[in-house]
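**Q** Residues per chain, in single letters:
There are 2 protein chains.
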Amino acid sequence: MELLKQKIREHGIVVSDTVLKVDSFLNHQLDPELILEIGKEIANRFKNDGVTKVLTIEASGIAVALAAAMELKVPVVFAKKNKPSTLQGQIYSALVHSFTKNEDVTISVSANYLKPSDRVLIIDDFLAMGAASKGLVEIVRQSKARLVGIGIVIEKGFQSGGQELRNQGIRVESLVTVKSLASGQIEFC
Amino acid sequence: MELLKQKIREHGIVVSDTVLKVDSFLNHQLDPELILEIGKEIANRFKNDGVTKVLTIEASGIAVALAAAMELKVPVVFAKKNKPSTLQGQIYSALVHSFTKNEDVTISVSANYLKPSDRVLIIDDFLAMGAASKGLVEIVRQSKARLVGIGIVIEKGFQSGGQELRNQGIRVESLVTVKSLASGQIEFC
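So the sequence lines, in the order shown, correspond to chains A and B. Each residue of the first sequence is one higher than the one before, starting from 17 at the first, in our numbering. Each residue of the second sequence is one higher than the one before, starting from 17 at the first, in our numbering.
The hints are simulated quantities; they were obtained by calculation from the structure and are not laboratory data. Treat the hints with caution; some may be incorrect.
Pairs count within a copy or across copies, as identical chains cannot be separated in the list.
Dumping the calculated SDA-like pairs for lysine to any residue here, alpha-carbon to alpha-carbon at most 25 Å [unchecked claim]:
#1 63 <-> 50
#2 56 <-> 40
#3 23 <-> 127
#4 150 <-> 64
#5 150 <-> 187
#6 37 <-> 105
#7 195 <-> 114
#8 37 <-> 68
#9 150 <-> 176
#10 23 <-> 104
#11 23 <-> 106
#12 37 <-> 129
#13 195 <-> 34
#14 89 <-> 49
#15 37 <-> 109
#16 37 <-> 145
#17 117 <-> 103
Since we're looking at a predicted model, the values are computed, not measured.
Can you build the whole structure from these sequences, using the hints too?
**A** Here it is as C-alpha cells:
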C-alpha cells in the first residue's frame, strides 16, 4: 500500500533495529483519512470471505478494525486487557506478552460476541513476534468460530510472528512489510 | 439522540443502580453504523468551534473519537494508560481513578501532539464521576491548548462528574443522559 509506505517514510521514526515508531498517525495520534484508507484496503482483501466479525485487541487495533468493519458492514469485537469488573459470564481468554510494555497480560472476550457460526477476521496494527495475534487466534479457537485470516497494517518481516502464523496455515495479509530497520533506515520488502 | 436511546433500551443491561452495560455495541463489541452516527452527532454539535484535535483515552473512547474526527477532518490523539516504553520525550500526564477496574492509572500524551495553538474537543464514551474527563482536561491545561468542550456518548446524570465539569465553565455535550438506573429500569432525562 503505497500511501502507507510514503507515510511511514515521512513520519516513521526508527528507534532501534527492531522498533519503528508510528505514533504520529497510527497508534497515539490517528490520521482519520489514512485510517479509513487502511481499513478499506484490509476489507478489500477479505471482501469475498464472508467475514461476520472483526476481532482486535485494545487499544491501537481498534481504529483500524473499526475502519475495516465499516467497510465490511460487520461488528468489531475488541479483546480487553486485564479483565474489567464489568466483563461477566463465559469468557474466552489468552495470555499475551507485551514486548513494548514488557509484561504479560490476559486478554479476554465475552462469549456473547463470538459464536461458532462466526467467520472472524483478526486485525491489528503491528505484527512482530505475533504475541497479540496468537492470543487472538487462541480466542477464536476457544469460541469454535472460523478464522478467516489476519489483516495487519505493518509487519516486521525480520521478526518471526508472521512466518509462524503462516506455517499454521493461517492467511496473513500485511499492508506493508518492513524488511529491515538496520542503521536507522526503513527498508520495505 | 433517539437512535442511541433506542439501542440502550434494547441492548443496555442494568447491572446495578449505578452500572449500565453497553458492551454489545459501544465498549466491547462495536456497532460501526451506530458509532458513525454517534461521531457525526458529536461533530455536528462542535462543527462551528474550530476544533483542530480530538482527544480521548484508550480504549473505549477511541472508536467514537475516530468517528467524530472523520467528520471534523482533524486528527485524534488518544491518551495512553501506563506509559509504554515507546512514549518518549516531553509528556503531559494525569492520574485517573478507574472505578470499573478499581485502580489508579497515569494517562499520558506526548507533547508532540498537543500544541498551544490547538483547539481541543475531548470525547469519551461515558461520563459518570468524570475521572477520565478531568484527567484529559488536566492534560489539555498542561499543553496550554484551548479546550473547546467535551462530547460524551452516555452521561450518568445521577453522578456528579458532569455537574462538576460544567461548574468549571466547561461545555459538556452528552448525546444521552441517564437520569436513573434504579430498580433495573433505565430512565432518561
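**Q** Look at each hint and say if it fits the structure.
**A** These are the hints, each one checked on the structure:
1. Taking the shortest Cα distances, residue 63 and residue 50 sit within 25 Å of each other both inside one copy (19 Å) and across copies (21 Å).
2. Within a single copy, residue 56 and residue 40 get their C-alpha atoms as close as 20 Å, and across copies as close as 24 Å, so both meet the 25 Å cut-off.
3. Within a single copy, residue 23 and residue 127 get their C-alpha atoms only as close as 38 Å, which misses the 25 Å cut-off; across copies the closest is 21 Å, which meets it.
4. Taking the closest pair of Cα atoms, residue 150 and residue 64 come within 25 Å of each other only inside a single copy of the chain (24 Å); across copies the shortest separation is 45 Å, beyond that limit.
5. Within a single copy, residue 150 and residue 187 get their C-alpha atoms as close as 13 Å, which meets the 25 Å cut-off; across copies the closest is 43 Å, which misses it.
6. Proximity of residue 37 to residue 105 under the C-alpha cut-off of 25 Å is restricted to the inter-copy arrangement: shortest distance 13 Å between copies versus 37 Å within a copy.
7. Only within a single protomer do residue 195 and residue 114 lie at most 25 Å apart by alpha-carbon distance; the minimum there is 22 Å, versus 40 Å between protomers.
8. Taking the shortest alpha-carbon separations for residue 37 and residue 68, only the inter-copy value of 23 Å comes in at or below 25 Å, while the best intra-copy value is 32 Å.
9. With identical chains, the CA atoms of residue 150 and residue 176 are at most 25 Å apart within one copy only, with a shortest distance of 12 Å there and 42 Å across copies.
10. Within a single copy, residue 23 and residue 104 get their C-alpha atoms only as close as 41 Å, which misses the 25 Å cut-off; across copies the closest is 20 Å, which meets it.
11. For the homomeric pair residue 23 and residue 106, the shortest alpha-carbon distance between copies (23 Å) is at most 25 Å, but the shortest distance inside one copy (41 Å) is not.
12. In this assembly of identical chains, residue 37 and residue 129 lie within 25 Å of each other by CA distance solely across copies; the values are 14 Å between and 32 Å within a copy.
13. In this assembly of identical chains, the alpha carbons of residue 195 and residue 34 lie at most 25 Å apart only when taken from the same copy (10 Å versus 51 Å across copies).
14. In this assembly of identical chains, residue 89 and residue 49 lie within 25 Å of each other by CA distance both inside one copy and across copies; the values are 18 Å within and 8 Å between.
15. Taking CA atoms no more than 25 Å apart as the test, residue 37 paired with residue 109 passes between copies only; the shortest distance there is 20 Å, against 28 Å inside one copy.
16. Taking the closest pair of Cα atoms, residue 37 and residue 145 come within 25 Å of each other only inside a single copy of the chain (16 Å); across copies the shortest separation is 34 Å, beyond that limit.
17. Taking the shortest alpha-carbon separations for residue 117 and residue 103, both the intra-copy value of 23 Å and the inter-copy value of 10 Å come in at or below 25 Å.
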